[in-house]
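Q: If you read the protein sequences in the order shown, they are chains A and B.
Using the working numbering, the letters of the first sequence correspond one by one to residues 1 to 235.
Using the working numbering, the letters of the second sequence correspond one by one to residues 1 to 235.
Because the hints were derived from the structure by calculation, they are not lab data.
Any given hint might turn out to be false.
Which copy is meant is left open, because identical chains are indistinguishable; a pair holds if it fits in one copy or across any two.
[Claimed, not checked] Cut-off 25 Å, straight-line C-alpha distance, at most; resulting in silico cross-link-like pairs (SDA-like, lysine to any residue):
1) 183 - 144
2) 218 - 110
3) 19 - 100
4) 218 - 175
5) 183 - 54
6) 19 - 154
7) 218 - 165
8) 19 - 29
9) 218 - 40
10) 183 - 68
Take a look at the letters that make up each chain.
2 protein chains.
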Amino acid sequence: MRPPELVLFPSALQTTPEKARFAPIWVEALGQVQGFVVENLRASRRFLRALDREFPIDTLAWVEQQPDGSYDMEAIRRAWAEGNSWGLLSDAGYPAVGDPGAVVVAAAHTAGVRVRVLPGSCSFLLALAGSGLGGQNFAFRGYVPIEAAERSRILKAWEQESRRIGQTQICMDTPYRNGALWKALLDNLAPQTRLSYALDLEGEYEMIQTRTVAEWRKAVALSWAKLPCVFTFAA
Amino acid sequence: MRPPELVLFPSALQTTPEKARFAPIWVEALGQVQGFVVENLRASRRFLRALDREFPIDTLAWVEQQPDGSYDMEAIRRAWAEGNSWGLLSDAGYPAVGDPGAVVVAAAHTAGVRVRVLPGSCSFLLALAGSGLGGQNFAFRGYVPIEAAERSRILKAWEQESRRIGQTQICMDTPYRNGALWKALLDNLAPQTRLSYALDLEGEYEMIQTRTVAEWRKAVALSWAKLPCVFTFAA
Numbered sequence: 001m002r003p004p005e006l007v008l009f010p011s012a013l014q015t016t017p018e019k020a021r022f023a024p025i026w027v028e029a030l031g032q033v034q035g036f037v038v039e040n041l042r043a044s045r046r047f048l049r050a051l052d053r054e055f056p057i058d059t060l061a062w063v064e065q066q067p068d069g070s071y072d073m074e075a076i077r078r079a080w081a082e083g084n085s086w087g088l089l090s091d092a093g094y095p096a097v098g099d100p101g102a103v104v105v106a107a108a109h110t111a112g113v114r115v116r117v118l119p120g121s122c123s124f125l126l127a128l129a130g131s132g133l134g135g136q137n138f139a140f141r142g143y144v145p146i147e148a149a150e151r152s153r154i155l156k157a158w159e160q161e162s163r164r165i166g167q168t169q170i171c172m173d174t175p176y177r178n179g180a181l182w183k184a185l186l187d188n189l190a191p192q193t194r195l196s197y198a199l200d201l202e203g204e205y206e207m208i209q210t211r212t213v214a215e216w217r218k219a220v221a222l223s224w225a226k227l228p229c230v231f232t233f234a235a
Numbered sequence: 001m002r003p004p005e006l007v008l009f010p011s012a013l014q015t016t017p018e019k020a021r022f023a024p025i026w027v028e029a030l031g032q033v034q035g036f037v038v039e040n041l042r043a044s045r046r047f048l049r050a051l052d053r054e055f056p057i058d059t060l061a062w063v064e065q066q067p068d069g070s071y072d073m074e075a076i077r078r079a080w081a082e083g084n085s086w087g088l089l090s091d092a093g094y095p096a097v098g099d100p101g102a103v104v105v106a107a108a109h110t111a112g113v114r115v116r117v118l119p120g121s122c123s124f125l126l127a128l129a130g131s132g133l134g135g136q137n138f139a140f141r142g143y144v145p146i147e148a149a150e151r152s153r154i155l156k157a158w159e160q161e162s163r164r165i166g167q168t169q170i171c172m173d174t175p176y177r178n179g180a181l182w183k184a185l186l187d188n189l190a191p192q193t194r195l196s197y198a199l200d201l202e203g204e205y206e207m208i209q210t211r212t213v214a215e216w217r218k219a220v221a222l223s224w225a226k227l228p229c230v231f232t233f234a235a
């Protein structure tokens, strides 16, 4: 018998997943877990059924993240104690990277349960690789503050850090604020700073483009159409 | 005809690649490029032939990174001008992330050539996800300085930054110095800082473990056996 594991399954970046983006080892691992810890139960079940119409949802155990961000850790630990393996799945991309799940991974380490990771897609990583801005040294900052003065202050601080130590900066916002964040980036960053956007990764409108801020200021306004977008820049 | 593209192919983390780790879309894309820009010609050809014994090495164009880190950009731009697509491949994991290739991606953006990214494995990302240390805010620092005083200073500076803004730190060294870096981490970080190592990812000896520095100091010495390792920590 395999000892119990926590297996991290990177999920799709889009609501309708393409089977061809999942490696055979990922598909095979689906059959090696007895339950799933998920960010969102409905979304995860829909995702797994979209990949495989016969996916045995009813015979698996499920633990969903609670509204306060917590999990029923007792149920997870009990399953490990019984020798069962769990999968960890978030709504888009890698669990525990820019997405919930780190506390579940931490609990696995504490319980001495082996943690296994699988290949897949992570939007920040794809955005960084595709930007051409250099990935020897980078920081993922997550969501940018909304309040104008604080947003301005922090974008300049990240740009300063990028200039000081050659660190590429990665950030984002919720899709409906993409236009506002883009404007803030163009208003606050220096003309020679290189700025990239990665729109709708793995989706129909996927587009990665990189220019200097000065060049972007001369470009026609972009239309974001409420699609997910990751922004990267390097001074 | 497809317009010319630069397609980023994440490669294997191990010298002997497992086919099952590559998604069908990745395999399909191999047939959509007319040439490859590679970090190392021999290693890349061996890798592609290990995945497919019939891989048409001789009918493809190849551009290898030069010892000074540059590429024959003229050959690449000429191929794009002729409507040909290129793949970008580095020796391990994602090209242009902790690996060479960013200048080629930047050239694609300048030439107006579409940049496409594919799913796969990136050792830092797998190490971060598997650490359970939190991936909402993280910095990849690359190689740690070797000189003792500077190494000590910089590890403390990264820990301080982790404490200040909740940023998980990711770093590494060449395999034969893993033991020395591990000792420096235990000597310089605070007892309550959580420290994780991800050894030999996707290899026979794969192991990810996370403890506090205080706990690690009490543990038996680890044997690194010159395997690749990524270290993450969070204050």
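Q: None of the hints should be skipped; say for each whether it holds.
A: The hints, checked one at a time:
With identical chains, the CA atoms of residue 183 and residue 144 are at most 25 Å apart within one copy only, with a shortest distance of 13 Å there and 36 Å across copies. In this assembly of identical chains, residue 218 and residue 110 lie within 25 Å of each other by CA distance solely across copies; the values are 16 Å between and 53 Å within a copy. For the identical chains of this complex, residue 19 and residue 100 are intra-copy neighbours only, at 23 Å inside a copy versus 30 Å across copies, given an alpha-carbon limit of 25 Å. In this assembly of identical chains, the alpha carbons of residue 218 and residue 175 lie at most 25 Å apart only when taken from the same copy (23 Å versus 47 Å across copies).
Taking the shortest alpha-carbon separations for residue 183 and residue 54, neither the intra-copy value of 46 Å nor the inter-copy value of 50 Å comes in at or below 25 Å. Taking the closest pair of Cα atoms, residue 19 and residue 154 never come within 25 Å of each other, the shortest separation being 39 Å inside a single copy and 43 Å across copies. For the homomeric pair residue 218 and residue 165, neither the shortest alpha-carbon distance inside one copy (28 Å) nor that between copies (35 Å) is at most 25 Å. In this assembly of identical chains, the alpha carbons of residue 19 and residue 29 lie at most 25 Å apart whether taken from the same copy (15 Å) or from different copies (15 Å).
Neither within a single protomer nor between protomers do residue 218 and residue 40 lie at most 25 Å apart by alpha-carbon distance, with minima of 42 Å and 39 Å respectively. For the homomeric pair residue 183 and residue 68, neither the shortest alpha-carbon distance inside one copy (33 Å) nor that between copies (38 Å) is at most 25 Å.
In terms of the numbered hints stated before, the structure departs from hints 5, 6, 7, 9, 10, listed from lowest to highest.
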